[in-house]
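Top line first, the protein sequences correspond to chains D and U. Sequential numbering of the first sequence, starting at -8, is according to this note's numbering. Sequential numbering of the second sequence, starting at -8, is according to this note's numbering.
What you were told as hints is all true, and nothing was included just to trick you.
Same chains, same names: a pair is fine if it fits in one copy or spans any two.
Here are the simulated lysine to any residue pairs, SDA-like style, with alpha carbons at most 20 angstroms apart:
1. K287 / P264
2. K344 / G52
3. K95 / H64
4. K209 / D197
5. K344 / A332
6. K95 / P67
7. K95 / E65
8. K287 / V63
9. K287 / H64
10. K209 / T301
11. K287 / P248
12. K209 / Q182
13. K208 / G44
14. K287 / E65
15. K208 / T301
16. K344 / H6
17. K287 / M263
18. K208 / A303
19. K61 / P282
20. K209 / G198
21. K208 / P248
22. K61 / R281
23. K209 / A303
Simulated from the structure, these hints should not be mistaken for laboratory data.
Number of protein chains: 2
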Amino acid sequence: MNYTYSYEQLYQFTHGIFITMGCSESDAAMATRVLLSADMRGIDSHGVARLSGYVRLWEAGRINATPNIKVVHETPSTAVIDGDAGLGLVVAPFAMTVAIEKAKVAGTGWVSVRNSNHFGIAGYHAMMALEHDMTGMAMTNASALVAPTFSTERMLGTNPIAVAIPAGAQPPFVADFATTTAANGKLEILQRKQAEAPLGWVQEADGTPSTDANALKKDGSLLPLGSDREHGSHKGYALGSIVDIFSAVFSGASYGPWAPPFPAYVPMPQNMPGVGLGHFFGAMRVDAFRPAEEFKEHMDNWIMRFRSATPAPGHDRVLIPGDPEREMEAIRTKEGIPLVASVANDLKALGEKVGVAFPH
Amino acid sequence: MNYTYSYEQLYQFTHGIFITMGCSESDAAMATRVLLSADMRGIDSHGVARLSGYVRLWEAGRINATPNIKVVHETPSTAVIDGDAGLGLVVAPFAMTVAIEKAKVAGTGWVSVRNSNHFGIAGYHAMMALEHDMTGMAMTNASALVAPTFSTERMLGTNPIAVAIPAGAQPPFVADFATTTAANGKLEILQRKQAEAPLGWVQEADGTPSTDANALKKDGSLLPLGSDREHGSHKGYALGSIVDIFSAVFSGASYGPWAPPFPAYVPMPQNMPGVGLGHFFGAMRVDAFRPAEEFKEHMDNWIMRFRSATPAPGHDRVLIPGDPEREMEAIRTKEGIPLVASVANDLKALGEKVGVAFPH
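Pulled out of the complex, with its shape left as it was, chain D reads as follows (with noise of 0.2 angstroms):
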């Protein structure tokens, strides 16, 4: 059973949640836009499901309500940015304004950040340059879930990588997407029915090629895209290790197996490299390379005769990246937003624990 809420229900709601945090007022705004972006684009594992997540790591006292964000190193066209452990949901933004203020003086602009955490969706980040005519990257490491091929250990995060490119009249290509197979939403709606997940995923604790969607909580890992070795895994692996490089290793974050934990309850891992999650981000002017208006017109063009191409049997249409997402947005601002009873009941307890009244 789904109840389903009105954006205005969750923003006043996720807003006070993030006030009583201890979050500044403009703070708690942009937390709570970044978050339900997520909801209202059909991430749902990405959206208000994880705010009792975040309460959570500020309870630890591994979220600061309070950080201040800063540049600690850069160049004309690149940064470091430090997150003080803030809110992934606040640094990222911070960082990535960064990027865009680089590329409007050096063309592009490049910012690499340490001490953050969980940043909701990477698509949230990216999509802020298309409002400057810029094509906008955003990438961040994770706590390890993901097996490289030919290996049984957790090292890699799920690593998403988005990337926003501005169109003219046609709306603008918007790639975002685990470095995964699938992403551990997928397997934790498949939990819920009780379904067993397609061969490819997640593999068991001793490698084994699993359909268990309860494979991670037996010790086994998520699968690169590619699933093995025959279909490419080893590109998966590449690609998430690219992400968790540029987040985290350029930054000083922590990499790899040692990326810290979302749930709170999970310990932190010994001898860490880094401090924090890392992120990575990217602003690319369009006029840095051709005229804006010439280049909006190619990509309409290419948006355009990609979506004419032939479709497959049994299906009436190609998708560009970016048009599910768009296309529930639009549904759920007329709709509302759907919420699993489990959130739902979660969202209320953490609402009466902290004193901010759950919409009805």
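Add chain U to chain D, keeping to what the hints say.
Using the frame of chain D, we list chain U on its own:
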């Protein structure tokens, strides 16, 4: 049956061929180095096996042996280069050098290229950054062989991405991969063996999943990394699209299904929206993010930690991107480069035609 040649033998021959095309001494040397780096690294589909193909493109007037390669647009951290229909093997190193020079001043350099053609292996160009203590990136679009998710139409090339990251005592991290489940070269190997392809590499013309290694000759398509929607092919489709857009829409090259074909006998597409193939290059100074020695220590630590990940049963070690190619290069440096008979015979015939002796 294989024939084995020394690097020097193939260098002399290949260099001689480029000279007969009218390339300058320095361009012939550069093109030869790039082409043979593929053979040395074991990426046989992109080495001397393609030499006749370049010659046929030149005969067809699609390659200009004496190009005036120039920067046509720039900002402190970006440039667009017109390759003047030169050999991609020459245009790409020129462009990567511009990216490196930009990075020396601005911290990073990003170069999009139009009016080029096949540039050999992406990894060569990305690795040019390493000796400058920079991370290098290289990508290119290519003629359309790949169907987007839910489509039967060939809309994208195999569009590879290469990323090279310097380390200290450890060898560098070098990822270089097509954004498809399998590259076309792997299908060609199966064709020679008259073997079937694994399910998930190709589909038939009507979109049916296929194990036919000859499916591309029957209007079938390669599949994006991920193989099918359930295993994340929309992610491979997004990656291939990003490469296409950065390489060709950024620069003014021909994109998507309009990318010019490599085989000279294939007619050029109608109504091309740009000029030639496109590439995209990046260079990021390591010390644009943190002190170089500190960065390298952590890259060494990253590499050693991943190498020590628990191997799956049946495997004795976990590889780092770039390991297989580097190991192949060590073997071929010692033992020479083996060519299959069809390639050796093709080169011999080419040499006889233009008066360059093929070694025996």
